[in-house]
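From first to last, the protein sequence lines are chains A and B.
The first sequence begins at 1 in my numbering and counts up by one.
The second sequence begins at 201 in my numbering and counts up by one.
Just so you know, not all the hints are guaranteed correct.
Said to hold, decoys possible - Under 8 Å between C-beta atoms, here's a sample of chain A residues computed to sit facing chain B:
id : residue
1  : P28
2  : V29
3  : H30
4  : D142
5  : V153
6  : V156
7  : A157
8  : V159
9  : A163
What the hints assert, rightly or not - If you anchor each label on the Cβ, the simulated ranges turn out as follows:
id : chain 1 : residue 1 : chain 2 : residue 2 : range
10 : A       : G95       : B       : M363      : 37 to 43 Å
11 : B       : G232      : A       : A157      : 21 to 27 Å
12 : B       : V206      : A       : A25       : 33 to 39 Å
As the list claims (entries may be wrong) - Residues from chain A that face chain B, not an exhaustive set, calculated with beta carbons under 10 Å:
id : residue
13 : P177
14 : A178
15 : Q180
Treat the hints as calculated values from the structure; they're not laboratory data.
In this text, a Cβ means the ideal position worked out from N, Cα and C, and glycines have one as well.
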Amino acid sequence: MDFKTTVFFFLSAILIFAGLRVITARNPVHAVLHLILAFFTSAGLWLLLQAEFLAMVLVMVYIGAVMVLFLFVVMMLDINLDQLRQGFWKYLPLGAVIGILIAIEMGMVLGSRYFQVLDSEVPGVAANASNTRELGALLSTDYVYPFELAAVVLLVAIVAAVALTFRGPKKTRYTDPAAQIRVKAADRVRVVKMPVEKQD
Amino acid sequence: MFNDFVAPSLYPAAPEIFLLFMACVILLVDLGVKSPRRTLTFVLTQLTLLGCAAITLLTSNTEVVYTFSGMFVDDMMADLLKLLVYGAVMLALFYSREYIQDRQAIPKGEYFVLALLATLGMLVMISANHFLTLYLGLEMMSLSLYAMVALNRESAISTEAAMKYFILGALASGLLLYGMSMIYGATGSLEITEVGERLYTYSVDKSVLVFGIVFLVAGLAFKLGVVPFHMWVPDVYHGAPTSVTLFIAAAPKLAAFAIVMRLLVSGLITQAADWQGMLIVLSVLSMGIGNLVAIAQTNIKRMLAYSAISHMGFMLLGIVTGVVGGDARFALNAYSSAMFYVVTYVLTTLAGFGLIMMLTRAGFESDELDDFKGLNKRSPWFAAMMMFVMLSMAGIPFFVGFFAKFSVLQAVVAAGYYWLAVAAVLFSLVGAFYYLRVVKLMYFDEPKIQEPIEGPLFIKVLVSANGLAVAALGLFPQFLMSLCAYALMRSLT
Numbered sequence: 001m002d003f004k005t006t007v008f009f010f011l012s013a014i015l016i017f018a019g020l021r022v023i024t025a026r027n028p029v030h031a032v033l034h035l036i037l038a039f040f041t042s043a044g045l046w047l048l049l050q051a052e053f054l055a056m057v058l059v060m061v062y063i064g065a066v067m068v069l070f071l072f073v074v075m076m077l078d079i080n081l082d083q084l085r086q087g088f089w090k091y092l093p094l095g096a097v098i099g100i101l102i103a104i105e106m107g108m109v110l111g112s113r114y115f116q117v118l119d120s121e122v123p124g125v126a127a128n129a130s131n132t133r134e135l136g137a138l139l140s141t142d143y144v145y146p147f148e149l150a151a152v153v154l155l156v157a158i159v160a161a162v163a164l165t166f167r168g169p170k171k172t173r174y175t176d177p178a179a180q181i182r183v184k185a186a187d188r189v190r191v192v193k194m195p196v197e198k199q200d
Numbered sequence: 201m202f203n204d205f206v207a208p209s210l211y212p213a214a215p216e217i218f219l220l221f222m223a224c225v226i227l228l229v230d231l232g233v234k235s236p237r238r239t240l241t242f243v244l245t246q247l248t249l250l251g252c253a254a255i256t257l258l259t260s261n262t263e264v265v266y267t268f269s270g271m272f273v274d275d276m277m278a279d280l281l282k283l284l285v286y287g288a289v290m291l292a293l294f295y296s297r298e299y300i301q302d303r304q305a306i307p308k309g310e311y312f313v314l315a316l317l318a319t320l321g322m323l324v325m326i327s328a329n330h331f332l333t334l335y336l337g338l339e340m341m342s343l344s345l346y347a348m349v350a351l352n353r354e355s356a357i358s359t360e361a362a363m364k365y366f367i368l369g370a371l372a373s374g375l376l377l378y379g380m381s382m383i384y385g386a387t388g389s390l391e392i393t394e395v396g397e398r399l400y401t402y403s404v405d406k407s408v409l410v411f412g413i414v415f416l417v418a419g420l421a422f423k424l425g426v427v428p429f430h431m432w433v434p435d436v437y438h439g440a441p442t443s444v445t446l447f448i449a450a451a452p453k454l455a456a457f458a459i460v461m462r463l464l465v466s467g468l469i470t471q472a473a474d475w476q477g478m479l480i481v482l483s484v485l486s487m488g489i490g491n492l493v494a495i496a497q498t499n500i501k502r503m504l505a506y507s508a509i510s511h512m513g514f515m516l517l518g519i520v521t522g523v524v525g526g527d528a529r530f531a532l533n534a535y536s537s538a539m540f541y542v543v544t545y546v547l548t549t550l551a552g553f554g555l556i557m558m559l560t561r562a563g564f565e566s567d568e569l570d571d572f573k574g575l576n577k578r579s580p581w582f583a584a585m586m587m588f589v590m591l592s593m594a595g596i597p598f599f600v601g602f603f604a605k606f607s608v609l610q611a612v613v614a615a616g617y618y619w620l621a622v623a624a625v626l627f628s629l630v631g632a633f634y635y636l637r638v639v640k641l642m643y644f645d646e647p648k649i650q651e652p653i654e655g656p657l658f659i660k661v662l663v664s665a666n667g668l669a670v671a672a673l674g675l676f677p678q679f680l681m682s683l684c685a686y687a688l689m690r691s692l693t
């Protein structure tokens, strides 16, 4: 077992452990932290495949932006764990039977010889080839159309999010200095003529 | 290394580019529109669609043109479907104008922009020749539609419908993507025509391919809304504001037809034997469950939802019978009958929902079957229009729905599936019951509401024209039929 394979198995073990903890952790904050670990470890796996740029993007975008946001949301939400776990034991036997059945079925399909991963080598890459450059060039040449489409999908998401949540500007009560200076006594005080009432 | 790259020709994609540009312009212009009626936004939206139609007509030719490194295809089928999509969206927006006006909670400007972006998604789907662009077009359309369903923010039932639509739609997209990745694994290409060629030339791993096709068909079935992937249809049709139901019920069906044609016929025609069996099951189940459950509905939107399920099932029959046992003699006939079916269904459903929306007022949704009682006493003209729609959907002769059903059945019989034709006719008979029940309610029952039908004259004329088109196309179906056949002949080579 050479060094690369050792690193691969090391990272994979951590990845599987982190993935399991994401779904088993009682505390949602712990789950999110393990998800961060999972992402970071898979970034390491991508590095082994010499996809440096993608690995960096995974770390920066997912861990740096998405997961931090996620963490904020999870910390702010007051999730009642007991309520979520109600009925867990009641449903466990049925769920387990169904899960095992699905696993067996998948095993029967996937275990057949057709789904074996071919023993293929990662295509060799020249030592000075730049991942970022290649990806950038592809995105702006052959894949420019889907790239633009993805941008439009993001635009749709923004428009939709704003349309669904924005409820018009808040009417703040602020005073306009110019209007205050121009004001005359007659605007402020209204003199009302009333007949004098008799005192009891 | 990219020195040999040639800049793609933007000419075939001119309608899409114009639409995207105008959608952004309208988004900005709408910021300055103060009137609650948003007349400027509305007029600009309609003009944009008209402009797109003009560009599509001007740039259309009989050749099949590929651009963007083969990811975009412009053929006659795409041109015809795009023109029909513009028409369906324009009609839907005209009909919905008064409806959304009466409902304060719906943001008006965003409504039109989202409708345009959904249209853009449909155009991308129609012209997709690559799994990636097809998927992105689908997402663009679906995201806009999810948001449109939820736009009436004060209605809990709309929000619920939007959540169901969103979650099931995301699941369906996942299935579709999974299927695509399997097919990519088997053939090594994401380009649809390239996949077709490789399947034709090389022998590929069959089981991976079939595995992929199963997921692909399941994803497509979700999007078409056929049994057993139809759960979202009634809830979304019922829960969405009627104007959005109309939007979802019309143009997206054309786009869905296009992606079925692109994926199954352009890409996987060599595997026809594999997906035909699945489609037959989907189609028979849809016609059965759709028609039977529609009988039990008391809400006309729900009833039309189940009717949509059965109609999509019927349409699939046309796709099934294209190639039988490697014999493609009847392919053109079968596919053009499916296309004719979907086009006439969209026309009829537009008229139907247009009429339902004419009966609504501020604070009153006229979506129960009982609301149609005695419509003849309130307005004999619109009762007649509704009768045209119902009779056409039921497939009564000399309405357009009859010829649609007839041409699909012809293809089914030509392909030798006699039992399938018999089943289709039997289920259509079952369906005739609930369509005729609406006619009975309109003509033989006493009205609950006495108010006459109000609305702008222009919309009344438009709905009437739409209803009359359903009748007129039934008398002269030949033109539209040969148009569909011609477009497909030029596209399928």
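Checklist entry - What are the numbers of the hints the structure violates, in ascending order? => result 1, 2, 3, 10, 12, 13, 14 and 15
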